[in-house]
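Start from the sequences, fold in the hints, and give me the full structure.
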Amino acid sequence: MNHRAAPVTDPSCWLPFTANRDFLSKPRLLSHAKGMYYQTPDGRPILDGTAGLWCVNAGHCRTEIVEAISRQAGEMDFAPTFQMGHPLVFQLAQRLTQKMPASLNHVFFTNSGSESADTALKIARAYHYGRGEQQRSLFVGREKAYHGVGFGGLSVGGLPRNKAAFGPLLQNELLPHTLDQEHHRFTRGIPAWGEDPAEALNQIVQKHGAERIAAVIVEPVAGSAGVIVPPKNYLQQLRKACDQNGLLLIFDEVITGFGRLGTPFAANFFDVTPDILTTAKGLTNAAVPMGAVFVSDSIYQSFMNNAEAGIEFFHGYTYSGHPLACAAALATLDLHEKEGLLTRGSELAPYFEDALHSLKELPLVTDIRNVGMMGAIELQSQPEHIGARGMAALQKAFDSGLLIRTTGDIIALSPPLIISKEEINMTVKIIRETILSLS
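In terms of the UniProt record's numbering, the sequence shown is residues 1 to 439.
Hint data in this document are derived by calculation from the structure and do not stem from the laboratory.
Be careful, since some hints might not be right.
Here are the computed lysine to aspartate or glutamate pairs in the DMTMM-like style, where the Cα-Cα straight-line distance is at most 25 Å [said to hold, decoys possible]:
| id | residue 1 | residue 2 |
| --- | --- | --- |
| 1 | Lys163 | Glu173 |
| 2 | Lys34 | Asp399 |
| 3 | Lys396 | Glu422 |
| 4 | Lys144 | Asp180 |
Shown next as C-alpha coordinates:
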(Lines of atoms letter the chains of each structure in order from A and count residues from 1; the text may use other names and numbers.)
(Lines give C-alpha, C1' and ligand atoms only; values in the text may rest on other atoms or scores of the structure.)
Protein backbone atom coordinates (compact mmCIF):
# COMPACT_ATOMS: atom_id res chain seq x y z
CA MET A 1 0.00 0.00 0.00
CA ASN A 2 1.29 3.46 -0.88
CA HIS A 3 0.66 5.44 2.31
CA ARG A 4 1.73 8.69 0.65
CA ALA A 5 -1.22 8.34 -1.74
CA ALA A 6 -3.74 8.45 1.11
CA PRO A 7 -6.24 11.34 0.86
CA VAL A 8 -4.91 14.47 2.56
CA THR A 9 -8.28 16.08 3.19
CA ASP A 10 -9.80 13.09 4.97
CA PRO A 11 -11.60 14.19 8.16
CA SER A 12 -11.01 10.74 9.69
CA CYS A 13 -7.80 12.29 11.07
CA TRP A 14 -8.66 14.78 13.83
CA LEU A 15 -5.59 16.99 14.27
CA PRO A 16 -4.69 18.35 17.75
CA PHE A 17 -4.71 22.08 18.54
CA THR A 18 -5.68 22.71 14.91
CA ALA A 19 -8.45 24.58 13.10
CA ASN A 20 -9.34 21.35 11.31
CA ARG A 21 -11.98 22.81 8.98
CA ASP A 22 -9.58 25.47 7.76
CA PHE A 23 -6.69 23.03 7.53
CA LEU A 24 -8.63 20.59 5.38
CA SER A 25 -9.36 23.36 2.88
CA LYS A 26 -5.60 24.10 2.49
CA PRO A 27 -3.40 21.45 4.11
CA ARG A 28 0.15 22.25 5.19
CA LEU A 29 1.97 18.93 4.83
CA LEU A 30 5.50 17.86 5.68
CA SER A 31 6.88 14.57 4.36
CA HIS A 32 10.66 14.58 4.92
CA ALA A 33 13.15 16.24 7.24
CA LYS A 34 16.92 16.60 7.47
CA GLY A 35 19.08 18.96 9.48
CA MET A 36 17.49 22.42 9.54
CA TYR A 37 14.85 21.68 6.91
CA TYR A 38 11.54 19.98 6.40
CA GLN A 39 10.33 19.11 2.93
CA THR A 40 6.80 19.14 1.57
CA PRO A 41 5.42 16.20 -0.45
CA ASP A 42 6.08 18.19 -3.65
CA GLY A 43 9.74 18.63 -2.71
CA ARG A 44 9.69 22.22 -1.44
CA PRO A 45 12.18 22.95 1.42
CA ILE A 46 10.83 24.51 4.63
CA LEU A 47 13.36 26.06 7.03
CA ASP A 48 12.46 24.97 10.54
CA GLY A 49 12.16 28.06 12.74
CA THR A 50 10.55 26.23 15.65
CA ALA A 51 12.57 23.01 16.16
CA GLY A 52 9.37 21.16 15.25
CA LEU A 53 7.41 22.07 18.38
CA TRP A 54 10.25 23.40 20.57
CA CYS A 55 11.78 19.90 20.56
CA VAL A 56 14.15 18.99 17.70
CA ASN A 57 17.09 20.83 19.22
CA ALA A 58 19.82 18.87 17.41
CA GLY A 59 18.22 19.08 13.97
CA HIS A 60 16.22 16.50 12.08
CA CYS A 61 16.96 12.85 11.27
CA ARG A 62 20.39 12.80 12.87
CA THR A 63 22.09 9.61 11.74
CA GLU A 64 23.38 8.78 15.22
CA ILE A 65 19.89 8.83 16.71
CA VAL A 66 18.30 6.95 13.81
CA GLU A 67 20.90 4.19 14.03
CA ALA A 68 20.58 3.92 17.82
CA ILE A 69 16.81 3.47 17.56
CA SER A 70 17.20 0.90 14.79
CA ARG A 71 19.78 -1.13 16.72
CA GLN A 72 17.63 -1.14 19.83
CA ALA A 73 14.49 -2.14 17.92
CA GLY A 74 16.35 -5.22 16.67
CA GLU A 75 17.76 -6.06 20.08
CA MET A 76 14.77 -5.53 22.40
CA ASP A 77 11.68 -3.65 21.33
CA PHE A 78 9.98 -3.40 24.73
CA ALA A 79 10.61 -4.23 28.35
CA PRO A 80 8.12 -3.83 31.21
CA THR A 81 9.10 -1.37 33.89
CA PHE A 82 6.59 -2.43 36.55
CA GLN A 83 8.67 -4.61 38.91
CA MET A 84 11.20 -5.04 36.08
CA GLY A 85 13.98 -3.00 34.50
CA HIS A 86 16.48 -2.96 31.66
CA PRO A 87 20.06 -1.66 31.56
CA LEU A 88 19.44 1.35 29.30
CA VAL A 89 16.97 3.02 31.65
CA PHE A 90 19.53 3.00 34.48
CA GLN A 91 22.30 4.15 32.19
CA LEU A 92 20.14 7.04 30.95
CA ALA A 93 19.09 8.05 34.47
CA GLN A 94 22.73 8.24 35.52
CA ARG A 95 23.72 10.31 32.47
CA LEU A 96 20.83 12.72 32.95
CA THR A 97 21.22 13.32 36.67
CA GLN A 98 24.86 14.22 36.09
CA LYS A 99 23.62 17.22 34.09
CA MET A 100 21.10 18.33 36.68
CA PRO A 101 21.60 21.05 39.27
CA ALA A 102 22.96 19.69 42.55
CA SER A 103 20.48 17.62 44.60
CA LEU A 104 18.18 16.67 41.68
CA ASN A 105 19.59 13.16 41.62
CA HIS A 106 16.56 10.99 40.89
CA VAL A 107 14.48 10.68 37.71
CA PHE A 108 11.04 9.22 37.01
CA PHE A 109 10.42 8.58 33.31
CA THR A 110 7.24 9.50 31.43
CA ASN A 111 6.28 9.82 27.76
CA SER A 112 5.47 13.50 27.27
CA GLY A 113 5.49 16.94 28.83
CA SER A 114 1.86 16.56 29.83
CA GLU A 115 2.61 13.32 31.66
CA SER A 116 5.65 14.92 33.27
CA ALA A 117 3.52 17.76 34.63
CA ASP A 118 0.86 15.43 36.01
CA THR A 119 3.54 13.17 37.47
CA ALA A 120 5.23 16.11 39.20
CA LEU A 121 1.93 17.18 40.77
CA LYS A 122 1.25 13.64 41.97
CA ILE A 123 4.74 13.37 43.42
CA ALA A 124 4.19 16.63 45.30
CA ARG A 125 0.88 15.48 46.79
CA ALA A 126 2.17 12.00 47.61
CA TYR A 127 5.28 13.47 49.23
CA HIS A 128 3.16 15.46 51.67
CA TYR A 129 0.78 12.50 52.17
CA GLY A 130 3.67 10.26 53.17
CA ARG A 131 4.78 12.85 55.71
CA GLY A 132 1.35 12.93 57.32
CA GLU A 133 0.27 16.23 55.71
CA GLN A 134 -2.65 14.96 53.66
CA GLN A 135 -4.32 18.37 53.77
CA ARG A 136 -1.70 19.79 51.37
CA SER A 137 -3.76 19.40 48.18
CA LEU A 138 -3.79 22.92 46.69
CA PHE A 139 -1.49 23.89 43.83
CA VAL A 140 -0.37 27.35 42.79
CA GLY A 141 0.20 27.95 39.08
CA ARG A 142 0.56 31.13 37.09
CA GLU A 143 -1.49 33.09 34.58
CA LYS A 144 -0.54 32.46 30.92
CA ALA A 145 1.19 29.21 31.89
CA TYR A 146 1.05 26.00 29.88
CA HIS A 147 1.68 22.68 31.59
CA GLY A 148 0.30 20.27 29.03
CA VAL A 149 -3.16 18.84 28.55
CA GLY A 150 -3.62 16.34 31.39
CA PHE A 151 -6.20 17.27 33.98
CA GLY A 152 -3.47 18.18 36.46
CA GLY A 153 -1.54 20.31 34.00
CA LEU A 154 -4.74 21.98 32.81
CA SER A 155 -5.68 22.79 36.38
CA VAL A 156 -2.47 24.65 37.17
CA GLY A 157 -2.18 26.16 33.69
CA GLY A 158 -3.18 29.72 33.03
CA LEU A 159 -4.56 29.70 29.47
CA PRO A 160 -8.34 30.05 29.84
CA ARG A 161 -9.32 28.71 26.39
CA ASN A 162 -7.42 25.49 27.07
CA LYS A 163 -9.53 24.91 30.18
CA ALA A 164 -12.97 26.25 29.26
CA ALA A 165 -14.62 23.01 28.10
CA PHE A 166 -13.10 20.64 30.65
CA GLY A 167 -14.01 21.80 34.15
CA PRO A 168 -14.32 21.30 37.01
CA LEU A 169 -10.58 20.80 37.52
CA LEU A 170 -8.25 20.46 40.52
CA GLN A 171 -8.44 23.26 43.05
CA ASN A 172 -5.72 25.80 42.37
CA GLU A 173 -4.73 29.44 42.58
CA LEU A 174 -2.78 31.44 39.99
CA LEU A 175 0.03 33.91 40.46
CA PRO A 176 -0.03 36.94 38.15
CA HIS A 177 1.83 36.53 34.86
CA THR A 178 5.02 38.48 34.24
CA LEU A 179 4.19 40.08 30.88
CA ASP A 180 4.53 43.79 31.72
CA GLN A 181 4.29 45.52 28.35
CA GLU A 182 3.83 48.91 29.91
CA HIS A 183 7.43 48.84 31.16
CA HIS A 184 9.12 46.07 29.18
CA ARG A 185 8.01 46.44 25.58
CA PHE A 186 10.87 45.57 23.16
CA THR A 187 13.13 44.51 26.03
CA ARG A 188 16.21 42.58 24.98
CA GLY A 189 16.67 39.55 27.22
CA ILE A 190 15.68 39.64 30.89
CA PRO A 191 13.62 42.69 31.98
CA ALA A 192 15.33 44.72 34.67
CA TRP A 193 12.36 45.03 36.99
CA GLY A 194 9.09 43.33 37.82
CA GLU A 195 6.66 42.66 40.63
CA ASP A 196 7.97 40.59 43.55
CA PRO A 197 6.19 37.21 43.28
CA ALA A 198 6.39 36.80 47.04
CA GLU A 199 3.69 39.42 47.54
CA ALA A 200 1.12 37.56 45.40
CA LEU A 201 2.16 34.20 46.83
CA ASN A 202 1.83 35.50 50.39
CA GLN A 203 -1.72 36.64 49.60
CA ILE A 204 -2.56 33.11 48.46
CA VAL A 205 -0.94 31.69 51.58
CA GLN A 206 -2.95 34.06 53.77
CA LYS A 207 -6.15 33.06 51.97
CA HIS A 208 -5.71 29.29 52.23
CA GLY A 209 -2.94 28.71 54.78
CA ALA A 210 0.50 27.40 53.88
CA GLU A 211 -0.42 24.06 55.48
CA ARG A 212 -2.93 23.42 52.66
CA ILE A 213 -0.61 24.16 49.71
CA ALA A 214 1.37 21.36 48.10
CA ALA A 215 3.51 23.18 45.54
CA VAL A 216 4.05 26.12 43.21
CA ILE A 217 4.63 25.26 39.54
CA VAL A 218 5.97 27.66 36.91
CA GLU A 219 7.71 27.63 33.56
CA PRO A 220 10.98 29.52 34.04
CA VAL A 221 10.18 31.16 30.69
CA ALA A 222 6.57 30.82 29.54
CA GLY A 223 6.80 29.38 26.02
CA SER A 224 3.38 28.54 24.64
CA ALA A 225 1.89 31.88 25.72
CA GLY A 226 4.45 33.70 23.58
CA VAL A 227 7.93 33.68 25.18
CA ILE A 228 7.24 35.57 28.39
CA VAL A 229 10.57 36.24 30.10
CA PRO A 230 10.60 36.68 33.88
CA PRO A 231 12.16 39.87 35.25
CA LYS A 232 15.50 39.91 37.01
CA ASN A 233 15.53 38.01 40.32
CA TYR A 234 11.91 36.86 39.90
CA LEU A 235 12.69 33.15 40.21
CA GLN A 236 15.12 33.75 43.08
CA GLN A 237 12.40 35.63 44.93
CA LEU A 238 9.90 32.87 44.20
CA ARG A 239 12.33 30.25 45.52
CA LYS A 240 12.81 32.25 48.71
CA ALA A 241 9.06 32.72 49.18
CA CYS A 242 8.43 28.98 48.74
CA ASP A 243 11.12 28.18 51.32
CA GLN A 244 9.69 30.67 53.79
CA ASN A 245 6.24 29.08 53.49
CA GLY A 246 7.37 25.44 53.32
CA LEU A 247 6.15 24.94 49.72
CA LEU A 248 7.68 22.77 47.03
CA LEU A 249 8.80 24.57 43.87
CA ILE A 250 8.34 22.85 40.49
CA PHE A 251 10.01 24.06 37.30
CA ASP A 252 8.36 23.00 34.04
CA GLU A 253 11.37 22.82 31.72
CA VAL A 254 9.73 20.89 28.90
CA ILE A 255 10.62 23.79 26.57
CA THR A 256 13.59 25.43 28.30
CA GLY A 257 15.46 22.21 29.02
CA PHE A 258 18.35 20.82 26.99
CA GLY A 259 20.08 23.96 25.79
CA ARG A 260 17.27 26.27 24.76
CA LEU A 261 18.60 29.17 26.86
CA GLY A 262 22.27 28.47 26.18
CA THR A 263 22.70 26.44 29.37
CA PRO A 264 21.69 22.82 29.98
CA PHE A 265 18.55 23.92 31.84
CA ALA A 266 16.85 27.14 32.83
CA ALA A 267 17.66 26.26 36.43
CA ASN A 268 21.33 26.77 35.46
CA PHE A 269 20.59 29.95 33.51
CA PHE A 270 18.73 31.61 36.39
CA ASP A 271 20.80 29.94 39.12
CA VAL A 272 17.72 28.65 40.94
CA THR A 273 17.23 25.00 41.89
CA PRO A 274 13.63 23.75 42.19
CA ASP A 275 12.53 20.74 44.21
CA ILE A 276 11.06 19.05 41.13
CA LEU A 277 11.93 19.67 37.47
CA THR A 278 9.97 18.36 34.46
CA THR A 279 11.32 17.71 30.98
CA ALA A 280 10.38 16.09 27.64
CA LYS A 281 10.78 17.39 24.03
CA GLY A 282 14.56 17.85 23.61
CA LEU A 283 15.28 14.80 25.76
CA THR A 284 15.19 12.47 22.73
CA ASN A 285 15.37 15.21 20.08
CA ALA A 286 11.67 14.28 19.60
CA ALA A 287 12.65 11.11 17.73
CA VAL A 288 10.73 8.92 20.22
CA PRO A 289 8.23 10.31 22.76
CA MET A 290 9.73 10.56 26.23
CA GLY A 291 9.57 12.74 29.31
CA ALA A 292 11.35 12.79 32.65
CA VAL A 293 10.71 14.24 36.10
CA PHE A 294 13.68 15.00 38.34
CA VAL A 295 13.31 15.22 42.10
CA SER A 296 15.54 16.23 44.96
CA ASP A 297 17.29 13.79 47.25
CA SER A 298 15.03 14.79 50.13
CA ILE A 299 11.84 14.05 48.19
CA TYR A 300 13.10 10.68 46.94
CA GLN A 301 14.35 9.63 50.36
CA SER A 302 11.04 10.63 51.92
CA PHE A 303 9.26 8.11 49.68
CA MET A 304 11.82 5.43 50.42
CA ASN A 305 11.73 6.03 54.19
CA ASN A 306 8.05 6.75 54.82
CA ALA A 307 6.25 4.27 52.58
CA GLU A 308 5.10 0.90 53.83
CA ALA A 309 6.88 -2.19 52.49
CA GLY A 310 6.33 -2.73 48.78
CA ILE A 311 5.52 -0.11 46.15
CA GLU A 312 6.46 3.39 47.32
CA PHE A 313 4.64 5.39 44.61
CA PHE A 314 1.52 4.02 42.94
CA HIS A 315 2.04 5.71 39.59
CA GLY A 316 3.65 4.99 36.22
CA TYR A 317 3.07 4.36 32.54
CA THR A 318 3.33 1.27 30.35
CA TYR A 319 5.97 3.01 28.28
CA SER A 320 7.94 4.66 31.09
CA GLY A 321 11.63 4.29 30.16
CA HIS A 322 10.82 2.57 26.86
CA PRO A 323 13.98 0.93 25.41
CA LEU A 324 13.71 2.75 22.06
CA ALA A 325 13.21 6.08 23.82
CA CYS A 326 16.21 5.38 26.07
CA ALA A 327 18.35 4.58 23.03
CA ALA A 328 17.23 7.81 21.35
CA ALA A 329 17.90 9.84 24.49
CA LEU A 330 21.38 8.39 24.99
CA ALA A 331 22.28 9.09 21.36
CA THR A 332 20.90 12.61 21.76
CA LEU A 333 23.04 13.20 24.85
CA ASP A 334 26.08 12.01 22.89
CA LEU A 335 25.30 14.57 20.18
CA HIS A 336 24.82 17.30 22.76
CA GLU A 337 28.25 16.58 24.18
CA LYS A 338 30.03 16.07 20.86
CA GLU A 339 28.70 19.30 19.32
CA GLY A 340 28.38 21.44 22.45
CA LEU A 341 24.65 21.94 21.83
CA LEU A 342 23.69 22.51 25.46
CA THR A 343 25.71 25.73 25.45
CA ARG A 344 25.78 26.69 21.77
CA GLY A 345 22.72 28.86 22.28
CA SER A 346 24.75 31.23 24.43
CA GLU A 347 27.05 31.89 21.45
CA LEU A 348 24.16 32.41 19.01
CA ALA A 349 21.83 34.35 21.31
CA PRO A 350 23.31 37.86 20.75
CA TYR A 351 23.13 37.46 16.96
CA PHE A 352 19.62 35.99 17.20
CA GLU A 353 18.56 38.89 19.43
CA ASP A 354 19.87 41.56 17.04
CA ALA A 355 18.18 39.85 14.11
CA LEU A 356 14.81 39.71 15.85
CA HIS A 357 14.92 43.31 17.04
CA SER A 358 15.71 44.50 13.52
CA LEU A 359 11.96 43.99 12.95
CA LYS A 360 11.03 46.54 15.61
CA GLU A 361 10.05 49.36 13.23
CA LEU A 362 7.82 47.26 10.99
CA PRO A 363 4.13 48.16 10.85
CA LEU A 364 1.92 45.93 13.02
CA VAL A 365 4.82 44.89 15.30
CA THR A 366 3.85 45.84 18.86
CA ASP A 367 6.49 43.95 20.89
CA ILE A 368 9.54 41.73 20.56
CA ARG A 369 10.78 39.47 23.38
CA ASN A 370 13.74 37.12 23.53
CA VAL A 371 16.00 35.10 25.79
CA GLY A 372 18.53 32.49 24.71
CA MET A 373 17.29 30.87 21.52
CA MET A 374 13.64 31.74 22.15
CA GLY A 375 11.97 34.74 20.56
CA ALA A 376 8.54 36.24 19.97
CA ILE A 377 7.24 38.96 17.66
CA GLU A 378 3.85 40.24 18.71
CA LEU A 379 1.55 41.66 16.06
CA GLN A 380 -1.28 44.13 16.47
CA SER A 381 -4.54 42.21 16.52
CA GLN A 382 -7.43 42.97 14.23
CA PRO A 383 -10.46 44.25 16.15
CA GLU A 384 -12.90 41.40 16.73
CA HIS A 385 -10.55 38.95 14.97
CA ILE A 386 -7.82 38.07 17.48
CA GLY A 387 -5.50 35.50 15.99
CA ALA A 388 -6.40 36.21 12.36
CA ARG A 389 -3.10 37.96 11.61
CA GLY A 390 -1.18 35.18 13.36
CA MET A 391 -2.80 32.51 11.17
CA ALA A 392 -2.22 34.60 8.08
CA ALA A 393 1.44 34.94 9.05
CA LEU A 394 1.73 31.18 9.61
CA GLN A 395 0.38 30.45 6.14
CA LYS A 396 2.38 33.16 4.38
CA ALA A 397 5.63 32.09 6.04
CA PHE A 398 4.97 28.45 5.13
CA ASP A 399 4.30 29.41 1.53
CA SER A 400 7.61 31.32 1.59
CA GLY A 401 9.58 28.35 2.95
CA LEU A 402 9.65 28.92 6.72
CA LEU A 403 7.96 27.10 9.59
CA ILE A 404 6.97 29.41 12.43
CA ARG A 405 4.67 28.89 15.40
CA THR A 406 1.89 31.30 16.19
CA THR A 407 -0.13 31.69 19.35
CA GLY A 408 -2.88 34.21 18.86
CA ASP A 409 -1.14 37.06 17.01
CA ILE A 410 2.32 36.22 18.34
CA ILE A 411 5.00 34.68 16.12
CA ALA A 412 7.17 32.38 18.26
CA LEU A 413 10.61 31.16 17.23
CA SER A 414 12.78 28.42 18.75
CA PRO A 415 15.05 27.10 15.98
CA PRO A 416 17.17 23.96 16.24
CA LEU A 417 20.40 24.73 18.05
CA ILE A 418 22.42 23.78 14.95
CA ILE A 419 21.12 26.86 13.10
CA SER A 420 23.69 29.04 11.34
CA LYS A 421 23.84 32.83 11.24
CA GLU A 422 22.91 32.67 7.55
CA GLU A 423 19.80 30.67 8.43
CA ILE A 424 18.93 33.17 11.16
CA ASN A 425 19.17 35.90 8.50
CA MET A 426 16.92 33.89 6.18
CA THR A 427 14.40 33.34 8.96
CA VAL A 428 14.17 37.05 9.75
CA LYS A 429 14.05 37.99 6.04
CA ILE A 430 11.02 35.77 5.47
CA ILE A 431 9.32 37.05 8.62
CA ARG A 432 9.94 40.63 7.50
CA GLU A 433 8.36 39.93 4.11
CA THR A 434 5.52 38.07 5.80
CA ILE A 435 4.67 40.95 8.16
CA LEU A 436 4.83 43.50 5.33
CA SER A 437 2.34 41.39 3.36
CA LEU A 438 -0.27 41.40 6.15
CA SER A 439 -3.25 43.71 6.07
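We went through each hint and held it up to the structure:
{"no.": "1", "hint": "Lys163 with Glu173", "result": "14 Å, holds"}
{"no.": "2", "hint": "Lys34 with Asp399", "result": "19 Å, holds"}
{"no.": "3", "hint": "Lys396 with Glu422", "result": "21 Å, holds"}
{"no.": "4", "hint": "Lys144 with Asp180", "result": "12 Å, holds"}
Hint check: no violations occur; every hint is consistent with the structure.
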